[in-house]
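Taking the hints into account, I'd like the entire structure generated from these sequences.
Residue-level listing of the chains:
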Amino acid sequence: MKLNVDERWNLIEKISKKTVTFGKYQHTLKDAVGELTVKPLTGIPIAVAILYGFWSIFGSFAGTLCTDGFFVKIFDGHFLPFMQKVFTGLPKWLYYIFVGDPLADNCFEAFGVLTSGLFLAIGVVLPAIFIFYLMLALLEDIGYMPRLAVLIDTVLHKIGLHGYAIVPTILGLGCNVPAVTATRILETRKQRFIAMTIMAIFIPCGAQLGIMEEVIPDTIGLVLLYLITGYFIFGFILNKMLPGRSPEILIDVPPYQMPTRRNVVRKLRMRITSFFKVAIPFVLLGCALVNVLYLAGVIEWLGNVLAPVFIGWFGVPKETVGPLIAAFLRKDLAVAQLSAIEMTKYQMIMAVVLVSIYFPCVATFAMMLREGWRELLGALATLVVTVFLYGGLMHLIGIVLGVA
Amino acid sequence: MKILLMGNPNVGKSVFFNRLTGANVIESNYPGTTVDYTKGYMRIEGEDVEIIDVPGAFSLEPKDKAEEVAAKMLRENRDATVVCVIDASKVERGLYLALEIMEEGYPLVIALNMWDVAEDKNIQIDVARLKEILGVPVVHTVAISGEGFRELVSKIKETVPVEMDKIIKRAGGEA
Amino acid sequence: MQTSNYTSTERRSGVNKNKFGRVYFGILGVVTLFFGIMDLVATLRGESITWGILEIPGDIFPGGWGGLIVLFAGLFYLAGIRNFFQIHQFSKVVMGSILVWIMAGCDIFAWITESIPGGEEGPWLNPWGNFLGTFAPPYTPAIFLLPFSLVVIYFIYQRRRT
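Chains E, R and Y, in that order, give the protein sequences. Reminder that position 182 of the first sequence reads as 1132 in my numbering, one-by-one numbering, no gaps. Reminder that position 141 of the second sequence reads as 146 in my numbering, one-by-one numbering, no gaps. Reminder that position 70 of the third sequence reads as 305 in my numbering, one-by-one numbering, no gaps.
If you're looking for bench data, these hints aren't it; they were derived computationally from the structure. Treat the hints with caution; some may be incorrect.
[Said to hold, decoys possible] If the Cβ cut is set under 8 Å, some of the chain Y residues that face chain E in the computed set are:
no. : residue
1   : L275
2   : P297
3   : W300
4   : H323
5   : K327
6   : L334
7   : I337
8   : C341
9   : F344
10  : A345
11  : T348
12  : I351
13  : P352
14  : T369
15  : I391
We put the beta carbon where it would ideally sit given N, CA and C, even for glycine.
The structure is reproduced here in structure tokens:
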């Protein structure tokens, strides 16, 4: 026998009357503090503070302590000279692919698979990913994420999403790959499409953030500002253009909890393991591919062919074509390559933003395909338009300000 | 034998799954952590049992993709026993899903999870009475610490499908 | 109301605590607010301000952004001092302290990460003297506020007892 919705609720009411008693509910200090984090007037300052803490700890740990404190020294001072010596006997092209520039005295410029590739993956990105996921796991397990969702709900409605879309977006700041799957918590196809597309285009991943902290510490703020602005502009446009509904939801706010060490450690281990499996092979492969293309002259050729677009439309040097190819494999690698190119500050900002918004990395690409090929094609079309429009717009801003 | 772990979002299904199978799926304190199903195995009385961690759902009429996956998993595993995880501080909405599953004729065990949170909120549940009315095993658990798990596992093989009219009769008995 | 369950002495001590708390967090709130404003001023001028062992950074991060949070902390304190012992008011005072802890915590963590490595030319680990040297003054406003913000713990403990 089956019941309809009303009959079912009636039955439940009868059952719960007989079995559940609600005692007096006393407000505890925990509840009162918890409420402050959800109300906009008090919640937004708190969110700003938490974001500050996140960013500060991220930079101190990954940048100051790990990369600048130890890894640069290990790789530049010991590992690079060692590799350069050991591989001296190799044929020139092999040497170039694996060790890179024989005159380089640091791992950002050498660009060999085994020198820069390993340095980027282990020396820069690994600490960044580690600290990012550690803090994310704490925020998740404490139960802060749904509160953030409540706070940002109104803003995200403007771009056709609702508060919960903040969850895939923040996951995307770690890695876009799991974030694509996480968009499934959204209700309609329209919402999923918008969330997935603007996330894949505008949200830089943890690896990329780590590298940017390292190579462009002064301008990273501006780069992020451009990306966030783009996220909202194009979300807004997509929402206006696409058919479909963006339903309201009731956000369920779970109680704050003390994170358990067991769960935090396990989550961290799983995410780091998947980083090793996915990211490191791609970083090395990307390095190798770009080096081979350089050797074969493909990059120079492409650079010349595309020069009018790069110089005329985007206002960046034609050498950025190499990093853009690498960006398809790994964004972090691409940003590192950019740092080795001679550019003005403005061009650097421009190039880093371009690398970020241009094509999602191959792993994200594969995940999006899993969500449906029509979604993927739509996202790609949006992407091409976005890159040209937004890139052109930024160039225009640069011209107006007189820095381009 | 197959077990489906079902329940509303963020009631601790993934914690159950990890506890029962020793597997590693991501657990977080927000709804929608699991959007795809995960399979694992555990041994009950010497038999290998397949356990599936189903994404959270409020009902079997899907409203988002996670709920779609949940409804589909249930349809595809007609021979499964369902462990329905219910947040003890939000019993009603958990029961809604549980009743729907029972209507479909699945044998069911109810785990009243987050018992500690309900206690903090001064909510008391008469487990014996609930068990009697529903005619299925009801166990109270605290998944994070593992409280109540042994009892839960021992009940999985005992449960049988229950007819709705019997529940209605028992619930309406004196009211 | 709960007050009715108190004996008269308890109520009187509660009232005293209440008054002390209001005055204390009122003053702390004003000082905190002042630090926050100075921080924003320093950021707008683009150079840091140094008074003795106090240094207010003049950049956007941590300076301006952090200054904003110190300012918020001050506002939280001031918003919470009326009906200090009422839970929804008291929670604002607690939140003010939590914001100060976030700021100070980040500053201290930044020191620690700076103090361990030996620098580009130096040895792997900082020698003891340099290690301690990192912790020498000047200090940021949040570090000065930290000890005073901890007083809130005493009040939390007080509430538990009553």
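Going through the hints against the structure:
This hint is violated: L275 of chain Y has a C-beta 13 Å from the nearest C-beta of chain E, more than the 8 Å allowed. Annotation: interface hint on P297 of chain Y holds; nearest CB of chain E at approximately 6 Å, less than 8 Å. For the restraint placing W300 of chain Y at the interface with chain E, the shortest Cβ-Cβ distance is roughly 6 Å, inside the 8 Å limit, so the hint holds. Interface hint at H323 of chain Y: satisfied, since its Cβ lies 5 Å from the closest Cβ of chain E, which is below the 8 Å cut-off.
Hint status for K327 of chain Y relative to chain E: holds, with the closest Cβ pair at about 7 Å, below 8 Å. Hint status for L334 of chain Y relative to chain E: holds, with the closest Cβ pair at about 5 Å, below 8 Å. The beta carbon of I337 of chain Y is positioned within 8 Å of a beta carbon in chain E (closest approach about 5 Å), and the interface hint is therefore held. The interface hint given for C341 of chain Y holds, since its Cβ lies 4 Å from the closest Cβ of chain E, which is under the 8 Å cut-off.
At a threshold of 8 Å, the smallest CB-CB gap from F344 of chain Y to chain E is about 5 Å, leaving the interface hint in force. Satisfaction of the interface hint for A345 of chain Y is found here, the shortest Cβ-Cβ separation to chain E being roughly 4 Å, below the 8 Å cut-off. A distance limit of 8 Å between C-beta atoms decides the matter here; for T348 of chain Y the minimum to chain E is near 4 Å, and the interface restraint holds. At a threshold of 8 Å, the smallest CB-CB gap from I351 of chain Y to chain E is about 6 Å, leaving the interface hint in force.
With a least beta-carbon distance of about 3 Å to chain E, the hint placing P352 of chain Y at the interface is held under the 8 Å criterion. With a least beta-carbon distance of about 11 Å to chain E, the hint placing T369 of chain Y at the interface is violated under the 8 Å criterion. Because the smallest distance between the Cβ of I391 of chain Y and any Cβ of chain E comes to about 7 Å, under 8 Å, the interface hint for this residue holds.
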